[in-house]
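What follows is the residue order along each chain.
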Amino acid sequence: MLQDILMLAALFILRIVVPLLLVIGVGYTLARRLTGVKLDFSPTFVMGVGGVLALWALAVITVVMRLTGGLGQVTNLNDQFPLGLWIGFDVMAGAMLGGGAFVLAGMVYVFGLERYRPILRSTILTAFLGYSLLIVALIIDIGRPYNIWRPLMYQNIHSVLFEVAMCVMTYTMVLALEFSPALFERLRWRRAWKITHALTLPLVILGILLSTMHQSSLGSLWLIAPGKLNDLWYTPWLPVFFWISAIGVGLGMVAVESNLSSRGFKRGLEQGLLASLAKFNAYWLGFYAVAKFADLAWRGKLWMLAEPTLQAALWWIEVGLGAALPALLLLSPKVRQSKNALFAVGGLVVACGILNRLNVSVFGLWSYTGPIYIPSLMEIAVTAALFTFGAALFALLAKLLPVFPAEHAELTTG
Amino acid sequence: MSGIQTGTSSATAVSRRQFLKLSAATVGAAALTGAGVHPVRAASHVDRDAAAAMLIDISRCVGCGNCQRSCIEANGLHPTDAQLNGLSAQTFTFLERHDLPDGRTRWVKRQCMHCLDAACVSACPVSAMYQTEEGPVDYRPGRCLGCRYCMVSCPFGVPRFEWRNGLTPEIRKCMFCIERQRAGEEPACATNCPSGALKFGKRGDLLREAHSRIAADPDHYVDHVFGEHEAGGTAMLYISDTPFELLGFRTDVTTRPIPAYTWDIMSKLPAVVGSMAVVLTGASIITRRRGGRSGGHHDEPPWLTVDEPAQTDHPATDEKGA
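In order, the protein sequences belong to chains E and D. Numbered by our numbering, the letters in the first sequence go through residues 4 to 417 in order. Numbered by our numbering, the letters in the second sequence go through residues 309 to 630 in order.
Hints were generated in silico from the structure; no laboratory data involved. No false leads were mixed into what you were given.
In silico BS3-like cross-links for lysine-lysine, where the CA-CA straight-line distance does not exceed 27 Å:
(1) E:Lys402 <-> E:Lys41
(2) D:Lys576 <-> E:Lys231
(3) D:Lys576 <-> E:Lys304
(4) E:Lys41 <-> E:Lys269
Since this is a predicted model, take the numbers as computed values, not measurements.
Please construct the entire structure, taking both the sequences and the accompanying hints into account.
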């Protein structure tokens, strides 16, 4: 018995701890060579990195267990509640948070609002990483991951999910191509840069069309469940609301992401640009809130908001705190000029936007199924790991590639 | 100002012509796809009268459980505890016991309803769930992604998933013994029902029989055939002497074919996206014509357009790299 434990410990150290340390060490040395960043190894830093690495380890263990023992072993999903956090958060909210990219790209390339260019690349990078990790989450979530490409082969045009799959697949490639000039700029590949640069405008237009299709269709997905999804959300206008909120929340995410990068990389903030985006977003979110009320009134379901149900409370939080309040706040120039206020309001919009997607995919179904599904710790770990992994990748790529305009200038001077 | 305009007039004429051509093509394509797809609808091409169907008379069921046992045998299912609780990955048909307030007991056979316009069939992105010519909804595990959207879509909550299978989980449900049907046999449950509660046949005939049974004994039967209109019509038709809502039936289910709910939206997309494409193309052409900025130095990579030449990396060496 003791021998077994010792053997296991030795194996654990040899097979897991040593390779992990090696990978981290080599990775750190390489990163330091490439980027010139030195880590300070302060207690907070070590704790933070240690926590994140532990989270990633837990996520890897979860994925291994999912692949060997099935989804039932790691998730709380069941036959009455087949889709959960990984679809509601990673896929639906993930796509929504990338919504800023098609809006900003359209503003810059289609409508010629050149002044937004400085924040465009980081937004496209955010969206690209978001969509890539969305696909990773999908691969973990679906039962037969090796069949994920099958929609290419067997097209059921009546399936909303088929359309979403095709659009997400294509749009991720479009985002990669939209971002690729940054890579070629770093590598100084002139011809590749020129080709991708020339393709940018058609790609941007294609990206807007694809985004419109799948952002709305992520809402249409739930229209197949009449009588199951709570009437507060079940409306033929759900796809339109998804599209509107993808733009509003996507722009909120632009504010959050710019603020975080400005803090993280100790660089300046394009406050003027964010403020003018926020002004637009004030009207946009205000319109969204009014439309949400109007939709309930049109269907004669306003009375549901006065009911003491969990769903009504969540609706109020989602629309009141996530759309109406930010719209009112962003109308004030004082709020728009303050860096911290803009960050806070952006965070509120993003959080409530995520809540909206979870309301549709989880909480709104509870009124039919009962609260039989609450995500398991391992599901949350995978979601959190993907989220932090995305943030880490963003930080790494922002260091390596000319994502922000300031580094742009440094690079060109050699 | 005017000089610039005349200078670019030929270019704009071309771009305007291209723009018109492009927009016409897009609108045409949108109209074509819209027109070509719409009449097909999500509706299946199943003949509603000739479709394979089953009449389930709840008042005749004695609760012997032969249907459930024969189903397990016919489909080679593994006995599990879950078979005592309801439908499962190893239970395609389940005899549900209902003890009524007045002391009577009724048994309701649960299985896939085999909707004529099945929600799962329209939901499946790869048509792994598909409607056979004869009507029953069959499943092809080979192309299944395991996305479980069919489970979300099913108005009756029928499909089950193999939650404990790591890499080859399947969606599991009653296939109406489609192989037996093709061999000229009845489904296992109908063959083995001793009380006459199950009757297999063509949907049109069974519907007429259901109504004539109700008409012959209106005091006994509830005047409703569950499945005649529910979810746009199902192959499983229930008649009962007890109100359906007391027997756990989803009586509030819509009578509209469920696939229509999403197809309503899907079918509008080509027109929306087509017109958006036209607007965006037009806007970008106008922007390009008006601004002209993007046509300038932006067409050269930024590291070649700085005022002072780069010291370390010479452009000439980079061109070779490309």
